[in-house]
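2 protein chains.
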Amino acid sequence: MPDFGYTVSHTSGRARRGQLTTAHGTVETPVFMPVGTAATVKGMTSDGVACTGAEILLANTYHLMLRPGAERVGKLGGLHEFMNWRRPILTDSGGFQIMSLTDLRQLDDKGVEFRSHIDGAKFILTPERSVEIQHLLDSTITMVLDECTAHGVDEAAAADSMHLSMRWADRCREAFERRPGYGLFGIVQGSVFPNLRIESAAALTDIGFDGYAVGGLAVGEGQDKMFSVLDVTVPALPASHPRYLMGVGTPADIIGAVQRGIDMFDCVLPTRSGRTGQAFTRRGPLNIRNARHAEDPRPLDPDSDYPHVGGVSRAYLHHLFKAKEMLGPILLTLNNLHYYQELMDGIRGAIEAGQLDEFATAFHEEQARGDFDPI
Amino acid sequence: MPDFGYTVSHTSGRARRGQLTTAHGTVETPVFMPVGTAATVKGMTSDGVACTGAEILLANTYHLMLRPGAERVGKLGGLHEFMNWRRPILTDSGGFQIMSLTDLRQLDDKGVEFRSHIDGAKFILTPERSVEIQHLLDSTITMVLDECTAHGVDEAAAADSMHLSMRWADRCREAFERRPGYGLFGIVQGSVFPNLRIESAAALTDIGFDGYAVGGLAVGEGQDKMFSVLDVTVPALPASHPRYLMGVGTPADIIGAVQRGIDMFDCVLPTRSGRTGQAFTRRGPLNIRNARHAEDPRPLDPDSDYPHVGGVSRAYLHHLFKAKEMLGPILLTLNNLHYYQELMDGIRGAIEAGQLDEFATAFHEEQARGDFDPI
Numbered sequence: 001m002p003d004f005g006y007t008v009s010h011t012s013g014r015a016r017r018g019q020l021t022t023a024h025g026t027v028e029t030p031v032f033m034p035v036g037t038a039a040t041v042k043g044m045t046s047d048g049v050a051c052t053g054a055e056i057l058l059a060n061t062y063h064l065m066l067r068p069g070a071e072r073v074g075k076l077g078g079l080h081e082f083m084n085w086r087r088p089i090l091t092d093s094g095g096f097q098i099m100s101l102t103d104l105r106q107l108d109d110k111g112v113e114f115r116s117h118i119d120g121a122k123f124i125l126t127p128e129r130s131v132e133i134q135h136l137l138d139s140t141i142t143m144v145l146d147e148c149t150a151h152g153v154d155e156a157a158a159a160d161s162m163h164l165s166m167r168w169a170d171r172c173r174e175a176f177e178r179r180p181g182y183g184l185f186g187i188v189q190g191s192v193f194p195n196l197r198i199e200s201a202a203a204l205t206d207i208g209f210d211g212y213a214v215g216g217l218a219v220g221e222g223q224d225k226m227f228s229v230l231d232v233t234v235p236a237l238p239a240s241h242p243r244y245l246m247g248v249g250t251p252a253d254i255i256g257a258v259q260r261g262i263d264m265f266d267c268v269l270p271t272r273s274g275r276t277g278q279a280f281t282r283r284g285p286l287n288i289r290n291a292r293h294a295e296d297p298r299p300l301d302p303d304s305d306y307p308h309v310g311g312v313s314r315a316y317l318h319h320l321f322k323a324k325e326m327l328g329p330i331l332l333t334l335n336n337l338h339y340y341q342e343l344m345d346g347i348r349g350a351i352e353a354g355q356l357d358e359f360a361t362a363f364h365e366e367q368a369r370g371d372f373d374p375i
Numbered sequence: 001m002p003d004f005g006y007t008v009s010h011t012s013g014r015a016r017r018g019q020l021t022t023a024h025g026t027v028e029t030p031v032f033m034p035v036g037t038a039a040t041v042k043g044m045t046s047d048g049v050a051c052t053g054a055e056i057l058l059a060n061t062y063h064l065m066l067r068p069g070a071e072r073v074g075k076l077g078g079l080h081e082f083m084n085w086r087r088p089i090l091t092d093s094g095g096f097q098i099m100s101l102t103d104l105r106q107l108d109d110k111g112v113e114f115r116s117h118i119d120g121a122k123f124i125l126t127p128e129r130s131v132e133i134q135h136l137l138d139s140t141i142t143m144v145l146d147e148c149t150a151h152g153v154d155e156a157a158a159a160d161s162m163h164l165s166m167r168w169a170d171r172c173r174e175a176f177e178r179r180p181g182y183g184l185f186g187i188v189q190g191s192v193f194p195n196l197r198i199e200s201a202a203a204l205t206d207i208g209f210d211g212y213a214v215g216g217l218a219v220g221e222g223q224d225k226m227f228s229v230l231d232v233t234v235p236a237l238p239a240s241h242p243r244y245l246m247g248v249g250t251p252a253d254i255i256g257a258v259q260r261g262i263d264m265f266d267c268v269l270p271t272r273s274g275r276t277g278q279a280f281t282r283r284g285p286l287n288i289r290n291a292r293h294a295e296d297p298r299p300l301d302p303d304s305d306y307p308h309v310g311g312v313s314r315a316y317l318h319h320l321f322k323a324k325e326m327l328g329p330i331l332l333t334l335n336n337l338h339y340y341q342e343l344m345d346g347i348r349g350a351i352e353a354g355q356l357d358e359f360a361t362a363f364h365e366e367q368a369r370g371d372f373d374p375i
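Sequence order for the protein chains is A and B. Each step along the first sequence adds one to the number in this note's numbering, with nothing skipped, and position 338 is 338. Each step along the second sequence adds one to the number in this note's numbering, with nothing skipped, and position 58 is 58.
Quick caveat, the hints were computed from the structure, so don't treat them as lab data. A couple of the hints might just be wrong.
[To be verified] Pair ranges (Cβ atoms, derived):
no.	chain 1	residue 1	chain 2	residue 2	range
1	B	R292	A	G220	44 to 50 Å
2	A	H117	B	V268	42 to 48 Å
3	B	R67	A	S240	56 to 62 Å
4	B	R298	A	R272	30 to 36 Å
5	A	D357	B	V268	52 to 58 Å
6	B	H117	A	R298	27 to 33 Å
7	A	G5	B	R298	35 to 41 Å
8	A	E358	B	G311	38 to 44 Å
9	A	S9	B	T250	57 to 63 Å
10	A	H117	B	E177	56 to 62 Å
11	A	R72	B	A368	55 to 61 Å
[Unchecked claim] In the SDA-like style, the derived pairs of lysine to any residue whose C-alpha atoms are separated by at most 20 Å in a straight line are:
no.	chain 1	residue 1	chain 2	residue 2
12	B	K42	B	E55
13	A	K322	B	K225
14	B	K225	B	A360
15	B	K322	A	G69
16	B	K225	B	I198
17	A	K322	B	R67
Virtual Cβ for every residue (Gly too), placed ideally from N, Cα, C.
Construct the entire structure; sequences and hints are all you get.
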């Protein structure tokens with residue numbers, strides 16, 4: 001079994017091109033992880049997700065601990081076996097969803113008590129239990145339990161929250177059972193305050209993790225502020241380890257974050273927006289429900305030589321969404337995951353060529369051109 | 001372009017093993033046609049449907065004439081191009097759905113006037129318009145417009161309705177533009193009355209069609225009655241042409257109908273029931289939502305060497321349905337379409353071997369054993 005490890009093979013400015021080695025295979029970075037919340041990327045088979053080029057998935061501890069339950073997944077052989085995905089899986093800690101999905105939660109130093117959004121049942125999640133759950137799930141990469149502060153929090157509250165997260169990170173490190181090829185990542189908090197972010201990065205580095213995530217961003221602060229937080233946070237993290245920007249984001253967010261030294265991303269955007277009719281293309285996103293597509297015989301991207309979505313036309317996709325057919329969300333999810341994986345492939349190639357800034361410029365120019373001319 | 005034709009290569013009792021030659025390829029019979037109502041087999045890509053072994057699909061004229069509209073599909077190159085399914089497509093006439101889905105319909109010799117179940121818009125469907133719509137859709141096999149009588153109709157009403165359907169069949173034959181490799185099928189009506197069925201079969205044979213369907217069955221009369229209608233109807237049809245039992249049915253229905261000389265079938269059962277959690281297996285159907293599957297690590301069919309549904313367990317499928325994940329309906333649809341296609345493959349092999357009755361006996365014995373033993 002290979003040990004968990006990260007090597008950087010190329011750089012372009014602050015951007016890194018690397019390989020993450022795990023118990024479940026190697027991941028080429030920068031990497032985008034599709035989100036498989038409840039042990040399924042919605043509407044896709046595991047084989048289908050693999051065909052888009054995805055090498056690692058994210059699954060949500062919060063959802064899985066409630067249903068079907070961590071002990072059950074463990075008994076069934078872990079997540080890889082359960083969902084028949086044999087490549088790496090990263091699980092979040094459950095903290096973020098508890099904050100965003102549940103009511104009646106009580107948080108203290110020990111952990112967080114909350115009621116399930118499914119049936120109101122009471123649960124307690126502690127740093128130790130979060131790590132245990134992720135172990136039962138057989139996560140390749142375990143995330144520490146943290147508190148994700150809301151956008152707009154003041155500095156004192158952000159500091160208190162970050163300090164709590166650092167104490168929890170330390171307890172997660174203690175609770176995590178080291179196994180070859182498995183890793184534990186810490187999460188930098190501190191909202192938009194540079195001194196707090198730097199303090200948090202130092203605290204985590206002192207504890208020592210297999211990778212470092214930046215949390216608490218993309219919560220409403222805007223892209224400029226997010227990038228400025230990365231500008232101060234990333235240099236405070238060890239260059240030898242992978243860096244993961246949690247929950248991000250748009251294609252432009254990802255390119256800008258890679259330029260600032262981020263290696264890993266996850267986001268529901270390609271899958272969730274695909275289910276509502278938004279298709280990503282090289283000319284920017286479009287809404288397939290728009291009437292202008294109703295008789296358009298062209299594919300989403302007329303210049304692509306790869307038939308991403310089953311060789312069908314915009315008119316057909318439009319029809320599927322109008323008729324509320326499941327195949328509409330399925331095909332746009334497929335298109336969007338392909339788009340994201342091709343974007344990452346382009347980014348990786350550009351870093352290898354030492355031309356990431358040129359790639360970014362070309363990306364923005366092409367997006368700015370707008371959709372392909374009407375027929 | 002090959003002409004439309006049918007040849008019988010083997011028989012076993014009254015059952016026939018044949019090849020249907022069309023403009024869009026050859027179909028091995030007896031054949032089961034998955035239903036792609038609105039130009040999509042719900043939850044499946046066209047490639048996915050082809051991978052189950054399906055060689056021909058059924059699409060619904062009624063749904064497509066309302067949305068996206070026959071003229072639009074025609075403008076976009078026809079159904080094969082529209083849904084990227086390059087094999088044969090059979091379309092029904094629209095009559096059955098008008099009777100079952102719409103209100104405020106008025107039927108007379110000219111045709112039927114009805115309001116769309118989508119938006120209440122008024123439409124008129126005549127035999128000529130039904131044929132025209134199916135031409136616009138580029139259907140490989142066009143069905144004549146008929147009136148499908150309800151179960152329990154008295155003999156006089158059944159006779160009147162059948163005579164109307166025969167007049168409409170004649171008008172459809174007149175309206176149908178012959179093209180190499182395309183066919184038009186007549187539909188035998190007459191409810192459960194043998195003399196009416198025989199009269200209808202004779203009337204259609206006089207007009208002359210490329211195939212003959214038996215309509216108005218599986219509407220509540222029960223399997224015994226359905227088989228007894230086939231026992232009198234099928235011998236009245238020309239042996240040289242394919243015979244199609246519309247809207248049927250369960251695996252046992254299909255085997256019994258093949259034994260009575262039927263060559264073609266369509267039914268929503270595998271797809272519709274798959275979406276609600278019913279899985280077909282060689283040991284009979286099961287409901288994956290049942291709690292006994294919650295921790296069952298076995299596949300649906302532990303004895304199968306083919307991983308129909310992505311190599312996942314009953315426990316995973318159970319979880320997907322409990323969590324209302326799209327992948328649940330997708331995987332059971334896939335399983336059920338595979339099951340039906342393997343059933344047809346078994347039937348075809350048995351006819352070739354002259355052992356269809358033995359096949360039927362073994363089928364019923366295996367189904368009667370019930371689900372595989374609990375773990």
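If you check each hint against the structure, which ones fail?
Violated hints (numbers, rising): 2, 11 and 13; every other hint is consistent with the structure.
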